[in-house]
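Enquirer: In case you want the letters, here they are:
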Amino acid sequence: DAGITQSPRYKITETGRQVTLMCHQTWSHSYMFWYRQDLGHGLRLIYYSAAADITDKGEVPDGYVVSRSKTENFPLTLESATRSQTSVYFCASKNTREAFFGQGTRLTVV
Amino acid sequence: AQSVTQLGSHVSVSEGALVLLRCNYSSSVPPYLFWYVQYPNQGLQLLLKYTSAATLVKGINGFEAEFKKSETSFHLTKPSAHMSDAAEYFCAVSGNSGNTPLVFGKGTRLSVIA
Numbered sequence: 006d007a008g009i010t011q012s013p014r015y016k017i018t019e020t021g022r023q024v025t026l027m028c029h030q031t032w033s034h035s036y037m038f039w040y041r042q043d044l045g046h047g048l049r050l051i052y053y054s055a056a057a058d059i060t061d062k063g064e065v066p067d068g069y070v071v072s073r074s075k076t077e078n079f080p081l082t083l084e085s086a087t088r089s090q091t092s093v094y095f096c097a098s099k100n101t102r103e104a105f106f107g108q109g110t111r112l113t114v115v
Numbered sequence: 002a003q004s005v006t007q008l009g010s011h012v013s014v015s016e017g018a019l020v021l022l023r024c025n026y027s028s029s030v031p032p033y034l035f036w037y038v039q040y041p042n043q044g045l046q047l048l049l050k051y052t053s054a055a056t057l058v059k060g061i062n063g064f065e066a067e068f069k070k071s072e073t074s075f076h077l078t079k080p081s082a083h084m085s086d087a088a089e090y091f092c093a094v095s096g097n098s099g100n101t102p103l104v105f106g107k108g109t110r111l112s113v114i115a
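Which chain is which? The protein sequence lines are A and B, in order.
Residue 109 in the numbering used here sits at position 104 of the first sequence, with consecutive numbering throughout.
Residue 40 in the numbering used here sits at position 39 of the second sequence, with consecutive numbering throughout.
This is chain A alone, in the form it adopts within the complex (with noise of 0.2 angstroms):
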């Protein structure tokens, strides 16, 4: 199916654990990026790409790794998960004029 996926949908960890949120596109869209929403913050950026292997950071990158090696994949990692990372998680793509957005991975860490 066309348009852009994410998983899990739904995730709980644990502190300390790694875990990875998955995105993957069908467009070929250059631009991807990951957002975190929380409640009375609205989105923030966390990492866009601009290209396969170009990545930079967002407003909120610390605690978050991610990677591009292939144009329809951009997973987002969390190399040691906190509390204060429970948010819902939305990937996104860009044309020249809009962005397209997964339907978001709920993410609790306990």
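No wet-lab data here; the hints were simulated from the structure.
Check before you lean on any hint, since a few could be wrong.
To be verified - Under 7 angstroms between C-beta atoms, here's a sample of chain B residues computed to sit facing chain A:
id, residue
1, 30
2, 31
3, 44
4, 45
5, 52
6, 55
7, 105
8, 108
9, 110
Virtual Cβ for every residue (Gly too), placed ideally from N, Cα, C.
Given chain A's structure and the hints, the job is docking chain B onto it.
Expert: Only chain B this time, still in chain A's reference frame:
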């Protein structure tokens, strides 16, 4: 640098009344502007976008917004609210180069009262 301010974290209107959600932006370059809607447990859906064409932009579900450069505003309106409009609304700005991240406001929750 770019930023967005959405005035009012929660707006409540009666069914059939005018909806007005306010958005002011700051941008060092000519902006592209967007309104997204988010229903509970859903992703973000694009309502409308301004990309330097007509300043009055019409979107889905009867919503429209007007880009006012002099006021640095991009307010979202709908003449008559419907119960199904209850959702979270986000205004966002990006640069007009096409390949810059969207910067979001903090959102406005719209409640519609029967």
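Enquirer: Failing hints, ascending?
Expert: 1, 2, 6 and 9
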